[in-house]
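Sequence lines, in order, name chains F and P.
Under my numbering, the first residue of the first sequence is numbered 1, with each subsequent residue one higher.
Under my numbering, the first residue of the second sequence is numbered 1, with each subsequent residue one higher.
Please note that a few of the clues may not be correct.
[What the hints assert, rightly or not] Taking lysine to aspartate or glutamate pairs in the DMTMM-like style, the calculated list, with each CA pair at most 20 Å apart, reads:
(1) P:K99 to P:E88
(2) F:K145 to F:D135
(3) F:K145 to P:E257
(4) P:K500 to P:D510
(5) P:K99 to P:D236
(6) F:K145 to F:E178
(7) F:K145 to F:E130
(8) F:K138 to P:E88
(9) F:K138 to F:E127
(10) P:K99 to P:D552
(11) F:K145 to P:D285
(12) F:K138 to P:E122
(13) P:K99 to P:E257
(14) F:K145 to F:D85
(15) F:K145 to P:E122
(16) F:K138 to F:D126
(17) F:K145 to P:E503
(18) P:K99 to P:D258
Read the hints as simulated data drawn from the structure, not as lab findings.
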Amino acid sequence: MDHVIRAEGVSKTFGRTRALDGLDLTVTAGQVHGFLGPNGAGKSTTIRILLGLLRKDSGTVRVLGGHPWRDAVELHRRLAYVPGDVNLWPNLTGGEAIDLLTDLRLGGSGRRGRAARRAADRRRRDELVERFQLDPTKRCSTYSKGNRQKVALVAGLAADVELYLLDEPTSGLDPLMETVFQDVVREVCAGGATVLLSSHILAEAEALCDAVSIIRDGRVVETGTLAELRHLTRTRLAATTSTPVTGLDHTPGVHGLTLGDDRRTVEVEVEPEHLGAVVQHLAGHGVLSLTSTPPTLEELFLRHYGDELAELAGNGNGNGNHPTGTKKDAR
Amino acid sequence: MTTTAPAHPGQGGALTTLTGARRLTRLALRRDRVVLPVWIGSIAALAWAVVASYQGTVTTAAERVATATFSAGNPLARVFDGPASGTELGAMALVEGWKIIAILTALMASQAVVRHTRQDEETGRAELLGSAVVGRHARLVAALVVASAASVAVGVATAVAIAAPSGLGWSGAWATGMAATGTGLVFAGIAAVAAQVLSTARGANAVAGGALGVAFLLRAVGDVTGTVRADGVYVDSSWPSWLSPYGWGQQVRPYAEDNWWIAVLFVGLALALVVVAFRLADRRDVGLGMVPPRRGPAYAGASLATPFGLAWRLQRGVLGVWAVGLTVFGAVFGSVGDSVETYVAENESAREMLAVLLPGAEIVDLYYALTMAIIGLAAGGYVVQALLRMRAEEVSGRVEPLLANAVGRHRWLAGHVVIVAAGAAVTLLASGVAAALSYGAASGDLATGLGLVSAAAVQLPATAALGGFVVAAFGLVPRWAGPVTWFALAAALVMSQLGKLFELPPWLLDVSPFTHVPLVPAEPFTATPVLWLTTAALALGAVGFTAFRSRDLAIGA
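Okay, chain F solo, but in the shape it has when bound (with noise of 0.2 Å):
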């Protein structure tokens, strides 16, 4: 019931662009979740507008039970931020960046608890180096795109904060590194923090997120925990029995059914609502191997996307099941 983050109605214009359209999005305490949409569907602005570096042109916001423009410094105290797109100063090395932006945190609390929480977050610091290692002599001029993230990871991951946005956290990172990652927002996350993971990489966000928000143009078009998003897809079964199966094709909430040449192997895909009834069909001629499954966060998105690659693809009849009508981009 605890709302670490909740916007409602956000809209953002920039010039003639419509950046976000009531957007509305609620993150619980101490869940990891996912805000996902393709390249400008508008999920780095909203992260900024949480952030209180670009001011919202209606809706509210509050990000810990604060006004993200107003209070910007005190709620930055309590938050981390990593970007995607990192810029670094070219003459500073990876480690003064990495402890500048640490150590900027911590300004303005005693002069005792700072002492305190830098010699933490030293120590966390120096893990993090090793674990994604990354040199931290070198100047950030010579880093590569990957090695660049893991500075901003590391002075993002390393303080000790309720909330952690991440935007696009793992751009330009080996599949190795991801690995790294994801197990340190693990930890975080069982320290009881709160994580807004932005994405678009679907495999990164189903290992690690509670809940998702699927954000399209601006606006969220669905939210909820992974569980619940999956009960709305069709699960995929497949299985083999010991009689030809028979009347399944007309059984309700079946797709793609797909039969062996002796009836015996069967693949298809079933709503929900339906997953029980064709259990039971199935049951009736023998199971022998069953498998089950779950539709993947892949097929969810592109449920909301699916007008899109189907434009791409060229034949243009695809007007998919998602509320908003045209895209921006449509040519």
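Given chain F, put chain P in place with the hints provided.
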């Protein structure tokens, strides 16, 4: 190493390294389609204005002789304008007008080269292009072609602007155009070398600007130590003027001698610099400079980890360069002060003329007041450049992680503003003290010298007012902050140096903070303008702080 490595234009071999140069040239012209015409048009317009105002003010033969005698005999005119070249109207106008033509052309050409070479590498655009079918030298060639074409255009436009409306004759106008083009070519070459050696566009531009300062200084020394001919209207510069490409332009002596052979010096030096640049380009990697990157500390010191500490780290390099540069400037001008004094003491007519200019003033005082007016404008250049660093940081996205941290906007802004304000004060004082000491050393009169530091200190409020303007522009119109503030500085320069000549209306001159600075120590110090300037600086700064607090941060590129 292959034998064709030092490929450069005009040499048939190694065509592969030039593949794509034509396309890149078109791209560069497309990107500069506004900037370069504005530069070219402004330079030509200023050349026209100088000639026209001379035609309007110096009409009779007697006036021409008097004016030429004054600028030949007066060391101040020799330092700031150049060597007098007789009584031809065109010659006199272009002695005074050359500084605008030369400085602006040099800046235009060097910045164009840096823009299409090092700046592209810094932003990663060069990498993208380098992976396409583009030869290794194509970018440098394209940049040089564009800068050279712009320099030629300046030459033609200036010649036309001088000769067509005035009817002064074409040969001197073409000679001036040649000198302008030559200056542009040489500084394009200097920028080409600097862009190879330094790893940032800012650094490369600073080196080219520094080279311009050295060139100005060399010829100032050469001209002030030159000899006046028997006719009293013609100065033969001494050898330091011949070391400076800026000085060569003056030695062309348009409308007096039209020394076309000096084109050989310009072209020769420009070609030599270009060859050096291509040789350097062969020895380095895209994106890197010549100086290999060193490792640094793994941890930040305590002094870095505050907004102020970071601002100091970012600002100290620029401050160091300007402080050293202006200190050297002050020292050189100070050391010349004594010979100015000696000359005037021996020369009856010069004394009379100065008495008309500012009755009751000591010559050395006036000299200092005018010198420090220039140093004040230069300090204004520092202030504009250093404060615009804030905009560069913002646009490159490096402010975002700070403001997403526990750093308030005012605190971040204040870090830079305080450093730049203190930096301007230190720079002006260092320059004033250097001038005073070197004057004292040359004349043996250290007491008078030290008294002259006030001439430098009094520039600070005007510089601060310009700084306030930059902060206000940064807060209110961030996208236009760069062009608007550089234009303001250029306008202040023109008003200060040519305002009287152009007979600009007083209300217009009043817009520039630098026209309000009392000519201390030639005039008595007056508090009123200083107070007004300080108030303006604070008010403009407050506007900037307030506006920055309530605007969106520029995000990404």
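Against the structure, the hints:
Distance restraint check for K99 of chain P and E88 of chain P: the Cα-Cα separation of roughly 18 Å lies within the 20 Å cut-off, and the hinted pair is therefore satisfied. For the hint linking K145 of chain F to D135 of chain F, the alpha-carbon distance of about 14 Å falls within 20 Å, and the restraint holds. Restraint check: the Cα-Cα separation between K145 of chain F and E257 of chain P comes to about 59 Å, which exceeds 20 Å; the hinted pair is violated. A distance of roughly 12 Å separates the Cα atoms of K500 of chain P and D510 of chain P; the hinted pair therefore holds under the 20 Å criterion.
Proximity of K99 of chain P to D236 of chain P is assessed by CA-CA distance (about 18 Å); at most 20 Å being required, the pair is judged to hold. Between the alpha carbons of K145 of chain F and E178 of chain F the distance comes to roughly 14 Å, so the proposed pair stays at or under 20 Å and holds. A C-alpha spacing of about 18 Å is found between K145 of chain F and E130 of chain F, which places the hinted pair at or below 20 Å, so the restraint holds. Of the pairs offered as hints, the one joining K138 of chain F and E88 of chain P is violated, with about 62 Å between alpha carbons and a cut-off of 20 Å exceeded.
With a C-alpha separation of about 18 Å, the suggested pairing of K138 of chain F with E127 of chain F holds against the 20 Å cut-off. With a C-alpha separation of about 41 Å, the suggested pairing of K99 of chain P with D552 of chain P is violated against the 20 Å cut-off. A threshold of 20 Å between alpha carbons decides the hint, and for K145 of chain F with D285 of chain P the separation of about 18 Å falls inside it, so the pair holds. For a cut-off of 20 Å, the pair hint linking K138 of chain F to E122 of chain P stands: about 18 Å separates their Cα positions.
Among the hinted pairs, K99 of chain P with E257 of chain P is consistent with the structure: their alpha-carbon atoms are about 19 Å apart, no more than 20 Å. At roughly 8 Å between alpha-carbon atoms, K145 of chain F and D85 of chain F fall within 20 Å of each other, so this suggested pair holds. The straight-line distance between the Cα atoms of K145 of chain F and E122 of chain P is roughly 14 Å, inside the 20 Å bound, and the hint therefore holds. A distance of roughly 15 Å separates the Cα atoms of K138 of chain F and D126 of chain F; the hinted pair therefore holds under the 20 Å criterion.
Our distance criterion of 20 Å between C-alpha atoms is broken by K145 of chain F and E503 of chain P, whose separation comes to about 56 Å. For a cut-off of 20 Å, the pair hint linking K99 of chain P to D258 of chain P stands: about 18 Å separates their Cα positions.
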